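**Q** Using the sequences and the hints, build the whole thing.
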Amino acid sequence: MASVLSERADDAAPRMKAFDPILVVEDIVKRFDTPDGALTAIDRLSFEVAPGEFLAVIGPSGCGKSTLFNVIGGLLGGYEGRVTVGGEIVRGPHAAIGMVFQEESTFPWRTVIENVAFPLEIAGVAKAERLERARHFVALVGLTGFERRYPAELSGGMRQRVSMARTLASEPKILLMDEPFAALDEQTRLLLGDKVLQIQQELKQTTLLITHNITEAVQLSDRILVMTYRPGRVKRVVSIDLPRPRTSQIVSSDAFGHYVAQIWSDLREEATRGMQDAEAQSLHPGAAR
Amino acid sequence: MNGARRWSAKLAPPALGLATFALAIVIIQVLIEAGRINRFIVPLPTQIAASFGRVIAEEHVLSRFLLTAGEALAAGVLLTVVGIGLGVLLYRFRLLRLACETWVAALASAPLVLMYPLFLVIFGRSAMTMVMIGFVAALPPVILKTVEGLAGTRRVLIDVGRSFKLTQAQQFWKILFPAALPSMFVGIRLGLIFALINIVGVEFLINFGGLGQLINELAERYDLPGTYAAICFVVLVSVCFFAITGWIERWLRPTD
Numbered sequence: 036m037a038s039v040l041s042e043r044a045d046d047a048a049p050r051m052k053a054f055d056p057i058l059v060v061e062d063i064v065k066r067f068d069t070p071d072g073a074l075t076a077i078d079r080l081s082f083e084v085a086p087g088e089f090l091a092v093i094g095p096s097g098c099g100k101s102t103l104f105n106v107i108g109g110l111l112g113g114y115e116g117r118v119t120v121g122g123e124i125v126r127g128p129h130a131a132i133g134m135v136f137q138e139e140s141t142f143p144w145r146t147v148i149e150n151v152a153f154p155l156e157i158a159g160v161a162k163a164e165r166l167e168r169a170r171h172f173v174a175l176v177g178l179t180g181f182e183r184r185y186p187a188e189l190s191g192g193m194r195q196r197v198s199m200a201r202t203l204a205s206e207p208k209i210l211l212m213d214e215p216f217a218a219l220d221e222q223t224r225l226l227l228g229d230k231v232l233q234i235q236q237e238l239k240q241t242t243l244l245i246t247h248n249i250t251e252a253v254q255l256s257d258r259i260l261v262m263t264y265r266p267g268r269v270k271r272v273v274s275i276d277l278p279r280p281r282t283s284q285i286v287s288s289d290a291f292g293h294y295v296a297q298i299w300s301d302l303r304e305e306a307t308r309g310m311q312d313a314e315a316q317s318l319h320p321g322a323a324r
Numbered sequence: 524m525n526g527a528r529r530w531s532a533k534l535a536p537p538a539l540g541l542a543t544f545a546l547a548i549v550i551i552q553v554l555i556e557a558g559r560i561n562r563f564i565v566p567l568p569t570q571i572a573a574s575f576g577r578v579i580a581e582e583h584v585l586s587r588f589l590l591t592a593g594e595a596l597a598a599g600v601l602l603t604v605v606g607i608g609l610g611v612l613l614y615r616f617r618l619l620r621l622a623c624e625t626w627v628a629a630l631a632s633a634p635l636v637l638m639y640p641l642f643l644v645i646f647g648r649s650a651m652t653m654v655m656i657g658f659v660a661a662l663p664p665v666i667l668k669t670v671e672g673l674a675g676t677r678r679v680l681i682d683v684g685r686s687f688k689l690t691q692a693q694q695f696w697k698i699l700f701p702a703a704l705p706s707m708f709v710g711i712r713l714g715l716i717f718a719l720i721n722i723v724g725v726e727f728l729i730n731f732g733g734l735g736q737l738i739n740e741l742a743e744r745y746d747l748p749g750t751y752a753a754i755c756f757v758v759l760v761s762v763c764f765f766a767i768t769g770w771i772e773r774w775l776r777p778t779d
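For the protein sequence lines, the chains are A and B, in the order given.
For the first sequence, the residue numbers in the numbering used here are 36 to 324.
For the second sequence, the residue numbers in the numbering used here are 524 to 779.
In short, the hints are calculated from the structure, not lab data.
Just so it is clear, the structure is predicted and the values come from calculations on it, not from any experiment.
A portion of the hints provided could be inaccurate.
Stated by the list, open to error - As a list, the in silico BS3-like pairs of lysine-lysine whose alpha-carbon atoms are at most 25 Å apart: (1) K162(A) x K688(B); (2) K208(A) x K162(A); (3) K230(A) x K208(A); (4) K208(A) x K688(B); (5) K270(A) x K230(A).
**A** Right, here's the structure in full:
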């Protein structure tokens, strides 16, 4: 059985310095103005990601996961702290960061191949070359034969794979994914997890996955960063010492179960707080958070 | 087998439409013959059908049809370019939108056709008057549906564009415009209907031009079958525009 490694947030720093990080998130604080006053969504959040690493950020609903996704992706400004990619400060959308969104985000007016070739078209790559390169990424996500189909003709899981292929086609240094399989059923989610593992292993792609799904996080990640409920802080960083290459079959192993149980014990307290807060809000709208 | 099924699926809607139309004609015919509808107000559909040959041969329908269709087409081109342009402006500048949107919506319900004397003074008794009345009267739906389409673009598609660092022009042409196209085409189709109604209305009122003038003349002669036959040609103009806009929309956004 693999050993279960975990560390408190405070202990994580020395460990993380062992590698030369490609992504550094430093002391991020993000507040939103609400009718009830300022709401701190993220509070002094810091972590680093090594090249080729798969890091999952997990937390209950309302812990600021999507805010973090938008901050790292450069879609959201007005925060304290800084995000750097390869030493360069992120001040907006960055070519080194490729984003895969939670919502279905394919362009319905473009075929699969045209969707995947989109970033290459924007980059000014000649048509023949971009279609050739796009075909490679279509094959990588297992959609060969569907190149001429429109998104409306595909299942939800296939559409998310198109979105992923489109992002990969831009050849980002970091793949940033916000609950990309949230809308899918559990079996499809596990199978797509296999596909993500295969892609990550093939491309050695540095990946940051935002999720609330413990199984998905343990199945895919090298490390899992557990966030507290509002305001979002690092509660614990758990190293997943499961052998690679992995497949979805790993979910039936004892070690997998231990990791899931350990992360759930951390998350349970935060999820309970979130639920109580939501209930209090529905009973007393406008109560201070 | 699959091919046959595809063809039947393709032909079924127009076949059903034609059958419904034929049924409505038969019902009207029966009601008139049974005396439930006054035949001095609504002629028998068979009489209308019989009058087509006479109207086509004696009333120069083709040239009138082309004149009205040409005026409507010119108004349509103008309102597409100007209407979509104004819609984009209203979308782009929030203050402008908040200031003008209600006025544009109010303009849609204004009976602009009654302002034809003003247009006559400005543009003279010419086809330009018809085109301009059609254009002005049809502008509001194009503007409003353009704004609606652009504003209704899913946030995530805009974020995808931002994540790929699209310029503002790329964001518009690659994402906003194609996303808003279905709504824009609804506006253009509505606009063409408004334009055609107003053009035929003014042709009728000032007894000048194409099919509207023909309807006026036939009505003055109390040639009711001929009048209804001429109205059918106005409907034909509308059908042609629907077919053309549908074809252009499918060309621009093949998936819809």
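**Q** A separate judgement is required for each hint: does it hold in the structure or not?
**A** Verification of the supplied hints:
{"no.": "1", "hint": "K162(A) x K688(B)", "result": "holds (20 Å)"}
{"no.": "2", "hint": "K208(A) x K162(A)", "result": "holds (24 Å)"}
{"no.": "3", "hint": "K230(A) x K208(A)", "result": "holds (19 Å)"}
{"no.": "4", "hint": "K208(A) x K688(B)", "result": "holds (15 Å)"}
{"no.": "5", "hint": "K270(A) x K230(A)", "result": "violated (29 Å)"}
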